[in-house]
Each structure stands twice: as structure tokens, then as C-alpha cells.
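A.B. asks: Sequence:
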Amino acid sequence: MVRPNTLALVVSLFAASWLARCNQHSASEATASTSAPVATPEPEPPPPSPASKARKLFDTKCIVCHGNHGAGDGPGAAALSPKPRAFADATWQASVTDDQIKKTIVEGGAAVGKSAAMSANPELANEPEELTALVKIVRDFKQ
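Sequential numbering from 65 applies to the sequence shown in the working numbering.
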């Protein structure tokens with residue numbers, strides 16, 4: 065028969081051992097939670113959309129001759145003869161296809177029998193979505 069004092073001693077030793085293990089586990093968790101956070105890399109920003117790339121191209125290159133409103137009255141237009149195309153001209157808009165506009169943009173004016181002052185943009189030949197977005201900008205000037 066086990067004496068009450070012996071049973072109390074065994075229970076006390078077991079409890080002390082158990083508490084010691086719990087304290088060690090809690091201490092390691094506390095250390096882990098108070099250590100410096102792991103740096104996560106910033107996500108890459110999404111690439112610009114074809115429409116935003118087309119808008120940037122228009123605003124930096126086309127606007128010089130064709131103007132803010134596509135009227136052919138940009139700051140560079142004064143020195144040109146013939147004057148740049150007015151994109152808002154409904155008659156012109158009805159007379160050209162999107163493919164003709166694309167060809168003019170990619171190959172330049174001289175390639176389509178227009179002014180050689182209209183520079184070519186051959187890099188757009190491999191950017192069909194951006195080219196289509198640029199045509200949309202031209203079409204949106206229609207009155």
C-alpha cells in the first residue's frame with residue numbers, strides 16, 4: 065500500500081516536471097514572437113496596361129503635332145506643311161479603317177503616302193494591344 069506522503073511526493077514531482085516543460089515551451093514561444101518579424105518582399109506592381117502605355121505614348125509623342133484634342137494643332141504643327149491630321153474630322157474618321165491607322169502609326173507617314181514628318185513606331189508592331197489602344201485614342205476624338 066502506498067503511503068499518502070509518497071503519493072503526494074510523486075504527484076508533486078510530476079506537477080513540477082510538467083510545469084517546467086510548459087514554462088520552457090512558453091518561453092520559446094515568447095522569444096519567437098518577440099523576435100524581429102520576417103521581412104516579406106514587396107509585391108511587384110502590375111505592369112502598365114496597354115491602354116495606359118498607349119496614353120503615355122500619345123501624350124509624349126503624338127500630342128506634339130496632333131495636339132491635346134487631336135485637332136492637328138500641337139506646338140510642333142506650326143512648322144509643318146502639310147499640317148498634321150485633325151483626328152476629330154468626322155469625314156476623315158469615316159474614310160479610314162483601323163488597320164490603315166495602325167499601318168500609319170507603325171510604318172510612318174511616308175510609308176502610306178502621307179507626310180514623312182509622321183515618324184514610324186516599329187516597336188508597336190509587336191505590341192498589338194497597345195497599338196489597338198492607340199487607335200482607340202485616335203477614334204475617340206471623332207466629333
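Please note: incorrect hints may appear among the correct ones.
Straight-line C-alpha distance at most 25 Å; calculated SDA-like pairs for lysine to any residue [claimed, not checked]:
# : residue 1 : residue 2
1 : K125      : P107
2 : K117      : P186
3 : K125      : V199
4 : K120      : D137
The set of hints was computed from the structure by calculation and includes no laboratory data.
A.B. asks: Each of the hints needs a verdict: does it hold here or not?
C.D. replies: Taking the hints in turn, this is what the structure says about them:
Using a Cα cut-off of 25 Å, the hinted pair K125 and P107 is violated, with the two alpha carbons roughly 31 Å apart. Annotation: proposed proximity of K117 to P186 holds, straight-line Cα distance about 15 Å (limit 25 Å). For a cut-off of 25 Å, the pair hint linking K125 to V199 stands: about 14 Å separates their Cα positions. Straight-line distance between C-alpha atoms of K120 and D137 comes to about 19 Å, which keeps the hinted pair within the 25 Å bound.
The structure fails to meet hint 1 from the earlier list, while all remaining hints are met.
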